[in-house]
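In the order they appear, the protein sequences are chains A and B.
Mapping to the numbering used here: the first sequence position 45 is 45, numbers consecutive.
Offset between the second sequence (1-based) and the numbering used here: plus 1000.
If you are wondering where the hints come from, they were derived from the structure by calculation, not from laboratory data.
Please read all numbers here as calculations on a predicted model, not as lab measurements.
Using N, Cα and C, we set each Cβ at its ideal position, and we do this for glycine too.
Honestly, I wouldn't trust all of these hints.
[Said to hold, decoys possible] Sample of chain A residues facing chain B (criterion: CB under 7 Å; computed from the structure):
id	residue
1	Gln66
2	Leu69
3	Glu70
4	Asn71
5	Gly72
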Amino acid sequence: MHYYNEEDLARFGEIGKARPDLFEKFMAWYQACQEDGALSKREKALIGLAVSVVVQCPYCIDAYTQSSLENGSNIEQMTEAMHLASAIRGGAALIHGIQSHNAHDKISM
Amino acid sequence: MRNELPIIERESPARAAVSFDEKLARYNLDLRAVTVDTLQINVGKLCNQACKHCHVDASPKRTEIMSSETAEQILAAIRRFKIPTLDITGGAPELNASFRRLVSESRAAGTRVIVRHNLTVMFENGQEDLPEFFRGNQVEVVSSLPYFLQQQTDAQRGQGVFDKSIEALRRLNAVGYGIEDGLVLNLVYNPTGAFLPAAQAALETDFKREMKTRYDIFFNNLFTITNMPIKRFLGYLRRSGNEERYMQKLLDAFNPSTVENLMCRNLISVDWTGRLFDCDFNQMLDLSVEGNAPQTIAEFNPEKLNYRRIVTGAHCFGCTAGSGSSCGGAVAE
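Given only the sequences and the hints, what does the whole structure look like? Please build it.
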């Protein structure tokens, strides 16, 4: 037994069984975000992959891995995007170390 | 290159949740041939490579190869019916003893000749002069290069294939292919796994930039071709647990606007024994042209093949997914 099932990705639409109006609004927004615009579909797929990794959503990682490949990215480019997002996440954690230093300094002679 | 892949003779065909004919019917589409402007001949399964995605299951161990008698029947049909285009494939077609005669006699008859050349066969004994032979006959060369990097290319086509392919492309460029007018060198991109190809125009831009800057190589067009769930690629899908998901992906990506431009509407495929098929994929699945039509090259007559109903299967979803797929690449926007 595990909480994440691969098959559930294809069942995403079932969320719309309750409050379909909200799900339709979400889907319209979500799909509009994927289209070519000031950024290409390829760039957006890489951003999607990077974000998927840092939010640690297995469904999103699966979907955006395929989407990145199908928009012409290769594994080196995808890995660079994941490293950047992870490094930002690491940096975001580490900068909180300043809070620790501040707290330390406040109570230290 | 050693063949380490099993020969798959009889496997159950790929399955989809909906049949291709049912899908066409939902869009009120009827898939029939229009004309025969291309004779695509598969001169045999012998190849110096054994690629993991090969729908022919070709390899150095295969012995099925077109006889000179069948080759002569093809030439007779080309001369008699003035076929506009001859598209020669295999295996590695250059390894057939009749290959050069098929090319030169077809050219002499005024037929445009396309050769599906795997690049590395140029380094086999007796094949070193292929660039000059192609140039001398103004052959259009179409060559597979799944990616502009070694890792992806060798993963699909075999260890060492990428370096040889680059050297072969340099030799083709050296005699003018991809550079001079009339010496057409087109490359083919196949995804290196169970996913669809990227948009052809965007990928061609990438390939042209990378091939020039990394290797100083030039070519004319990039064709994106979807991997077909047949033979060796189907075996890969099954072994990797990807069959159901890949077939659903093809089905979900069905694009009705591809149907008008499917290659089966304009070509006849001939196998190494001279039997006729709607395409090279149907050939590998042993799905002959419909029963009322001529069945062999000896009976070939374009008028009796025009407007025939195309024989279909679940694999046809490979040609209608996304921007579509054909031996000339994408078929829709």
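| request: Would you check whether glycine 72 of chain A satisfies its interface hint, that is, whether its CB is within less than 7 Å of any CB in chain B? | output: holds (3 Å)
| query | Taking 7 Å as the limit, does the beta-carbon of glutamine 66 of chain A come near enough to a beta-carbon in chain B? | reply | Holds: closest Cβ of chain B sits about 5 Å from glutamine 66 of chain A, inside 7 Å.
| query | Hey, does the asparagine 71 of chain A contact hint survive, CB to chain B under 7 Å? | reply | This interface hint holds because 5 Å falls under the 7 Å limit.
| message | Does the closest beta carbon of chain B sit nearer than 7 Å to the beta carbon of glutamate 70 of chain A? | response | Holds. Min distance 5 Å.
| field | Hint validity - leucine 69 of chain A Cβ closer than 7 Å to any chain B Cβ | value | holds (5 Å)
Checked against the numbered hints listed earlier, the structure breaks none of them; every hint is satisfied.
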